[in-house]
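Q: With the hints as constraints, model all of the structure from the sequences given.
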Amino acid sequence: MTVPEQQKALLDDLFAAIDARDTARFLKFLSPDAAFRFGSAPAVSGHEAIGEAVGGFFASIAGVKHSLNMTMLDGDTLVCEGDVTYTRYDGSSITLPFANVFELQGNLISHYKIYADIGPLYGQ
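Numbering that gives the first Met the number 0 applies: residue 0 is where the sequence shown begins, and numbers increase by one.
Hints are not guaranteed to be accurate.
[Unchecked claim] Pair by pair, the computed Cβ-Cβ distance ranges are: (1) 82 / 24: 18 to 24 Å; (2) 113 / 32: 14 to 20 Å; (3) 5 / 116: 27 to 33 Å; (4) 81 / 109: 18 to 24 Å.
[Unchecked claim] In silico BS3-like links for lysine-lysine, alpha-carbon gap of 30 Å or less: (5) 112 / 64; (6) 27 / 112; (7) 27 / 64; (8) 112 / 7; (9) 7 / 27.
If you are wondering where the hints come from, they were derived from the structure by calculation, not from laboratory data.
Just so you know, even glycine gets a beta-carbon here, dropped at the ideal spot from N, CA and C.
A: As structure tokens, this is what we get:
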């Protein structure tokens, strides 16, 4: 299945906000009552809780850069997989694989699920 230009633009803009570690800009892609889960962390809902979780994560890293390898759209479900390079505050970096599943509600994400093991980022 091909991903229409609208969804490609959504992903480009979303990952640009994430790579800029811009929590406020990131939240603009989510519906007000969105649900968000990052790896094995507990799911959170709503802009306030998601903003706290994402902002806390952004504060724990010096930088981030995503590279998408595959995207797929099935109805209102958008899936992508790729590699993410995290830069630590000591200047070292690590690249890890990820997959995301987005449930769309119009032009906004209502459910955002990240499948990734970020343990190696923190030496676990």
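Q: If a hint holds in the structure, say so; if it does not, say that too.
A: Hints, verified against the model:
no. : hint                 : verdict
1   : 82 / 24: 18 to 24 Å  : holds (22 Å)
2   : 113 / 32: 14 to 20 Å : holds (18 Å)
3   : 5 / 116: 27 to 33 Å  : holds (31 Å)
4   : 81 / 109: 18 to 24 Å : holds (22 Å)
5   : 112 / 64             : holds (18 Å)
6   : 27 / 112             : holds (16 Å)
7   : 27 / 64              : holds (19 Å)
8   : 112 / 7              : holds (18 Å)
9   : 7 / 27               : holds (16 Å)
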